[in-house]
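**Q** If you read the protein sequences in the order shown, they are chains C and B.
Residues in the first sequence are numbered consecutively from 2, following my numbering.
Residues in the second sequence are numbered consecutively from 127, following my numbering.
Rather than coming from a laboratory, the hints here were simulated on the basis of the structure.
Ideal Cβ placement from N, Cα and C applies to all residues, glycine included.
Heads up, a few of these hints could be off.
[To be verified] If the Cβ cut is set under 7 Å, some of the chain B residues that face chain C in the computed set are:
(1) Ser163
(2) Gly165
(3) Ser196
(4) Ser365
(5) Glu366
(6) Phe483
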Amino acid sequence: MSHGPGDNQQKLITMWSPIQQTPTCVVILFSIHFVLKAEKFLKRNGISHDVIPVPREISSDCGMAVEFSCLEKERVLELLASADLRIAGLYRRDGKNSFKPISAEQITANVVN
Amino acid sequence: MSAKPAPIYADNAATSFPKPREVIDTVSSVLGSMSLSPGRSAHQYSLECSRLIFDTREALADFFNCPDSSRIAFTCNVTEALNVGIFGLLGRVLHPGDHVITTALEHNSVMRPLRYLEKTSGISISILPVSGDGEVMVSELPRLMRDNTRLIVANHVSNVTGAVADIEAIGRNKGNAVFMVDAAQSAGVFPIDVVSMNIDMLAFTGHKSLLGPTGSGGFYLRQGLSLRPLKMGGTGSNSETEIQPDFMPDCHEAGTPNTLGIAGLGAGVGFVNRTGLAAIREHEQRLCRLFLESVGQIKEILVFGPAADRERAAVISLRVKGKSESEVAQSLDRDFHIMVRAGLHCAPGAHRTMGTFADGTVRFSFGFFNTEADVTACLTALEIISKN
Ligand SMILES: Cc1ncc(COP(=O)(O)O)c(C=O)c1O
Numbered sequence: 002m003s004h005g006p007g008d009n010q011q012k013l014i015t016m017w018s019p020i021q022q023t024p025t026c027v028v029i030l031f032s033i034h035f036v037l038k039a040e041k042f043l044k045r046n047g048i049s050h051d052v053i054p055v056p057r058e059i060s061s062d063c064g065m066a067v068e069f070s071c072l073e074k075e076r077v078l079e080l081l082a083s084a085d086l087r088i089a090g091l092y093r094r095d096g097k098n099s100f101k102p103i104s105a106e107q108i109t110a111n112v113v114n
Numbered sequence: 127m128s129a130k131p132a133p134i135y136a137d138n139a140a141t142s143f144p145k146p147r148e149v150i151d152t153v154s155s156v157l158g159s160m161s162l163s164p165g166r167s168a169h170q171y172s173l174e175c176s177r178l179i180f181d182t183r184e185a186l187a188d189f190f191n192c193p194d195s196s197r198i199a200f201t202c203n204v205t206e207a208l209n210v211g212i213f214g215l216l217g218r219v220l221h222p223g224d225h226v227i228t229t230a231l232e233h234n235s236v237m238r239p240l241r242y243l244e245k246t247s248g249i250s251i252s253i254l255p256v257s258g259d260g261e262v263m264v265s266e267l268p269r270l271m272r273d274n275t276r277l278i279v280a281n282h283v284s285n286v287t288g289a290v291a292d293i294e295a296i297g298r299n300k301g302n303a304v305f306m307v308d309a310a311q312s313a314g315v316f317p318i319d320v321v322s323m324n325i326d327m328l329a330f331t332g333h334k335s336l337l338g339p340t341g342s343g344g345f346y347l348r349q350g351l352s353l354r355p356l357k358m359g360g361t362g363s364n365s366e367t368e369i370q371p372d373f374m375p376d377c378h379e380a381g382t383p384n385t386l387g388i389a390g391l392g393a394g395v396g397f398v399n400r401t402g403l404a405a406i407r408e409h410e411q412r413l414c415r416l417f418l419e420s421v422g423q424i425k426e427i428l429v430f431g432p433a434a435d436r437e438r439a440a441v442i443s444l445r446v447k448g449k450s451e452s453e454v455a456q457s458l459d460r461d462f463h464i465m466v467r468a469g470l471h472c473a474p475g476a477h478r479t480m481g482t483f484a485d486g487t488v489r490f491s492f493g494f495f496n497t498e499a500d501v502t503a504c505l506t507a508l509e510i511i512s513k514n
């Protein structure tokens, strides 16, 4: 596996572009490690997603979050649960800078523990 | 003027040299291609850098069969990892009056923290003895176990004699104690499976047989076990709170990490995986047997540690009759361009058991990149030195 600069540049260019066609959800994890772990599982399962800075409207934390189409919400939650990834928060994007929390009950209802 | 022969490096137990080409290339390309502060900012470089660290973490988790890569934290070497482990248990698992078992072959990176706790925190220590052939007597473990034995620390491979401890047997007999393994010399040569070996904490260093750069290392900590962090500070996570995160790996990774070293370590692990642990071990053991068989024929030389037919690492301690250790090492370096190490190798206990305290030994340690020609050159040099 190469980590060369060319490789990185390539990755940067082909990085996911934001998915704005359908309503999106944003999941907050506990740190960058878990964001990248989530990314690995989503990639492996062919689920389009974007790694984004945690939106200021959600938290003042300087970390990253994962955004994906709300149509994939159930599958994403299932995948995260199967990877033992605990969720710190789940939101629906209502507008460019507006996010509505999806309640804990709704999350746990979707996650088979 | 005669040409100076190529130097021979036989001090791989201190740090491995040379490093695989891909380790060098990774370090230099990473240094030249992005900023190296992971998980702090949200820009592309920071994210790419977090990915490098994530990839190394995942590679190490696979390598040691850790069920969850978030249970691996990076440190700057195994000394730091062992310090986090030993001091971090204090007040959580280890309390005044508790008992710890360790072995007679520990490095000072284990013995000094333990002796400090013995002196300052009322911890008592028992030492697993070593047999005549230099191997830790794991059979003595049940006899040493007490109701309040909370911690067992064992060095997997001795950096003085190359003896391999049966950590699987220790893991089987650890009872309720936390089992901590110093894998400084073994990781990258001998198979380690934290699950089947029942290891609660595995401390490793990146710059020896994992073939990474110095300044890299870390530990695996079993799920359910927590350690008080030795350092607190910025982690890039939970920035809104002034309380150190309590989850792995962030709780033990305050401060900007050695991204370069960790990326290089990832490349080192990649090299080891591609080459195969068995092939690496076979090569080193062949060199070791070749050395031991011939050195045994030089009558002025006394070799310590397990015999050639035992499973052992290519770390060989010896003495030349009538010559001091430093004199031998200096002559090897100056007259033959052979680099070895002389002295106690930071493990005074091992020398006490062998009767080589306080002068120590001359230590040859061969690595994957040494050749049979290197070993032959070492033998020729030793023969000349011992006859002079
Ligand atoms: C058995 C053992 N433990 C610990 C260490 C310390 O390693 P480091 O200097 O990488 O912390 C070494 C090597 O020096 C070693 O051989």
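**Q** Decide, hint by hint, whether the structure agrees.
**A** Cross-check of the supplied hints:
A least Cβ separation of about 11 Å between B/Ser163 and chain C goes past the 7 Å threshold, and the interface hint is therefore violated. With its C-beta approaching chain C no nearer than about 4 Å, B/Gly165 sits inside the 7 Å limit, and its interface hint holds. For B/Ser196, the suggested interface contact is upheld, since its CB lies about 6 Å from the closest CB of chain C, less than 7 Å. This hint holds: B/Ser365 has a C-beta 5 Å from the nearest C-beta of chain C, less than the 7 Å allowed.
Evaluation of the B/Glu366 hint against chain C yields a held restraint, the C-beta minimum of about 5 Å falling below 7 Å. Against a cut-off of 7 Å between C-beta atoms, the interface hint on B/Phe483 is violated, since the closest Cβ of chain C lies about 44 Å away.
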